[in-house]
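Working from the sequences, and respecting the hints, build out all of it.
Below are the chains, spelled out letter by letter.
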Amino acid sequence: MATTTATLILSSADVTGHNFSMTQTATLTKAASSTGLDEFTGITSRKYPAAQTDTVVVADSIYVDTTVAHKVYIRNTSTGNSDYILVELEGDVIIGRLYPGDWMFIPYAGTLDVQVTTIATNVSIEYGVFSQSTVS
Amino acid sequence: MARTATTTASFSLSSSDLTSSALNISASQQLKKAGSRLGLSQTTGLAIKTTSSASAAVITADPLFRGDGATADKANKVYLRNLSTIDSEYFTVYIDQEEMGRLYAGDFAFFPWKAASGTKETFIVTSAGTVAAGDSWDFDGVTTVSADSNSDNFAAAVNAQFYPNWTTTVSTAAVTFTARQAGAAGVVTSSTSITGDTITDLAGSDLTMAITSAAAGTRSESDIFVKPSVHTEMSIENMLIHE
Numbered sequence: 095m096a097t098t099t100a101t102l103i104l105s106s107a108d109v110t111g112h113n114f115s116m117t118q119t120a121t122l123t124k125a126a127s128s129t130g131l132d133e134f135t136g137i138t139s140r141k142y143p144a145a146q147t148d149t150v151v152v153a154d155s156i157y158v159d160t161t162v163a164h165k166v167y168i169r170n171t172s173t174g175n176s177d178y179i180l181v182e183l184e185g186d187v188i189i190g191r192l193y194p195g196d197w198m199f200i201p202y203a204g205t206l207d208v209q210v211t212t213i214a215t216n217v218s219i220e221y222g223v224f225s226q227s228t229v230s
Numbered sequence: 011m012a013r014t015a016t017t018t019a020s021f022s023l024s025s026s027d028l029t030s031s032a033l034n035i036s037a038s039q040q041l042k043k044a045g046s047r048l049g050l051s052q053t054t055g056l057a058i059k060t061t062s063s064a065s066a067a068v069i070t071a072d073p074l075f076r077g078d079g080a081t082a083d084k085a086n087k088v089y090l091r092n093l094s095t096i097d098s099e100y101f102t103v104y105i106d107q108e109e110m111g112r113l114y115a116g117d118f119a120f121f122p123w124k125a126a127s128g129t130k131e132t133f134i135v136t137s138a139g140t141v142a143a144g145d146s147w148d149f150d151g152v153t154t155v156s157a158d159s160n161s162d163n164f165a166a167a168v169n170a171q172f173y174p175n176w177t178t179t180v181s182t183a184a185v186t187f188t189a190r191q192a193g194a195a196g197v198v199t200s201s202t203s204i205t206g207d208t209i210t211d212l213a214g215s216d217l218t219m220a221i222t223s224a225a226a227g228t229r230s231e232s233d234i235f236v237k238p239s240v241h242t243e244m245s246i247e248n249m250l251i252h253e
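Chains as they are written, first to last, in my numbering: chain A, 95 to 230; chain Z, 11 to 253.
For the record, the hints were derived by calculation from the structure and aren't laboratory data.
Incorrect hints may have been included.
Stated by the list, open to error - DEER-style ranges, computed between Cβ atoms: (1) Ile103/A / Asp27/Z: 21 to 29 Å; (2) Gly55/Z / Thr205/A: 29 to 37 Å; (3) Gly174/A / Ser245/Z: 22 to 30 Å; (4) Thr97/A / Thr54/Z: 32 to 40 Å; (5) Met116/A / Ala170/Z: 13 to 21 Å.
Beta carbons are placed, not taken as given, at the ideal position from N, Cα and C, and that holds for glycine.
This is how it looks when you write it as structure tokens:
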């Protein structure tokens, strides 16, 4: 059993009226279990020479679906301010825009592809999936 | 000068045994406005929503975040965390009526949010015919009684009311109603009809409150719903940081 730990730190001195700092740590486990997630795609790093439309970065067909605790990590590794990556689930279910430097970490049901669309050339992205196998 | 704030979101992930070599991933970013160096400046604050023993349908009747709660197509960010400590308890996260995934006990999510707002239902009702003192019109649980026989004054009185689900403007005898929230609520049923209004012509005059135009709304494609796996008490921590 693998032990994988994810940590999120959100902090700001001025987004609210008070200093705000929060640290959350989660051990990534299989659905309804204390057994750790046991699969990882590795981190894929791509630099798209041209704008992309609905390019699949996570294909649902590869994964067990529904009763799962998969996680998807995506980051826009481009520089500058404006070259965003539009992240969506298959079927134009738009999640949102990752601007340069932005990252996301979401639960993934494995029922729809995860796709990205870009508007500029030379946009860079990295992504990876932490998932559970059917092996108990 | 536009308000700005400095908020940092850092992510790290580590494992000594998921891969054959130790794994360490980290990312840290100041949360900025779309296409800008200025920081996101608005937030809902850190909140907790606890679901009750009600049915799933009741629990999920209201979105956790409405698409019209932030400016669309910006760099908005959503944070969610399942506060449960029971392995089997999860929240299913939905966006645009599709399942994103399940947040099991202790899991968190952090992601960008489009915040598409949909459109709001709207209609125009026009006071016509002869209004008399005592005539009334009821809509959205609010009854307006005419004080005199002037249609414009009656329309102004209708406009002056506070409606729980609608905002209004008035122009002479025509009052424009606009839903406070986007969605296909079903009050507007066609371009000349609505449901739920009642006219009382006490004085035997020929007052009418005709719907002279209307437009149905559309649901937001970005509303975020969370559905607990059990209907007993479960809590989700949440925060929206937006433009």
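Check the structure against each numbered hint from earlier and tell me which ones fail, lowest number first.
Going through the list in order, the structure violates hints 3 and 5 and respects the others.
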